[in-house]
Amino acid sequence: MKIDNDRLRAFHRLAMDRNYHKAAANLCLSQSAVSQRIQKLEQEIGEKLVVRNHKGIRLTEAGQVLFLHACNLLTLEQETLSIIDGSPRGDCGSGNLRVASYSSVLRSVIIPALGELIRALPGLHVEFFSRELKQLLPMLRSGQADMIILDHSLENPELQRHFLGEEELVHVRHRDHADPEQVFLDHDNEDMTTFHFFQRQHERNIEIRRCFYDDIYGIIDGVRLGLGQAIVSRHLIRDIEEIGIQPQPYPISNPVYLYHDRNRLLSRYQRQAVEALIENSGQYLSTDPAGA
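Here the working numbering is used: the first residue of the sequence shown is 279, the next is one more, and so on.
No wet-lab data here; the hints were simulated from the structure.
What you are looking at is a predicted structure, and each value in this text was computed from that prediction instead of being measured.
One or more of the hints may lead you astray.
Stated by the list, open to error - In silico SDA-like cross-links for lysine to any residue, where the CA-CA straight-line distance does not exceed 20 Å: (1) Lys318 x Asn297; (2) Lys318 x His347; (3) Lys318 x Leu307; (4) Lys300 x Gly373; (5) Lys318 x Arg296; (6) Lys318 x Glu339; (7) Lys300 x Phe473; (8) Lys318 x Arg291; (9) Lys412 x Arg376; (10) Lys333 x Gly373; (11) Lys326 x Ala348; (12) Lys412 x Phe473; (13) Lys333 x Phe407; (14) Lys333 x Met294; (15) Lys326 x Ile281; (16) Lys333 x Arg296; (17) Lys333 x Ile281; (18) Lys326 x Cys306.
All chains, full assembly: derive it from the sequences and hints.
If you want it as structure tokens, here you go:
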């Protein structure tokens, strides 16, 4: 069975954008034209590929398989054209790079580590996503991200893992607020960072009063303004004079790993992004574990 190329490209764009309106705009087509191509592709294959929901669409199991095929096919096409041209396609980096990460390393590590590469490839379409840790692996599996950053090791034969460095966690307060009973600031009620930090300090019967500031930069702002204390990454508060580190018996660190799907071909520029992250992240992270 031969898959119609225009329909496959429409499906690939829809799977990337997760929204008919966005996909139509990117393809310079009407929404009805995109919808018709998807319907005909489903008829051609004999499987339901996408399901509409309140956020846009989600891929079915068959849709995820086809999306992986489409990604690999388009990557091979781009690489072949580069070989025929005798140079990287367009020289300015045409293609996509989508990286999803948790907040404490995205702005402070991942984006700076990729900065030189992105500046060298002005035609590369780059998307960064800041998400909660629990959202990252589903994004990779569903094809919403080309690579993800996690703070733990996964033993999965379908995933390629690269160690980037270590985040040292420290207990911080405003320098003028010495009250040990001051409220702790976390992301939300499901954020266990503070509890886990003190458990790893071998404390027992931990009772902590908490408030929630949504993301790591909200937490740091709260500490800087004297609104609470927190557990944060050392590299995030290095240059903030108002914030002081509270000594603890044991150094605590979390690993930082890059993951991508082994079954999916990475483009030339995505491979360069992996290399840049491995090479440059050590400028911002420790490569000597502080402890676990």
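(request) Give me the numbers of the hints this structure contradicts, sorted from smallest to largest. (result) Hints 7, 10, 17, 18 not satisfied by this model.
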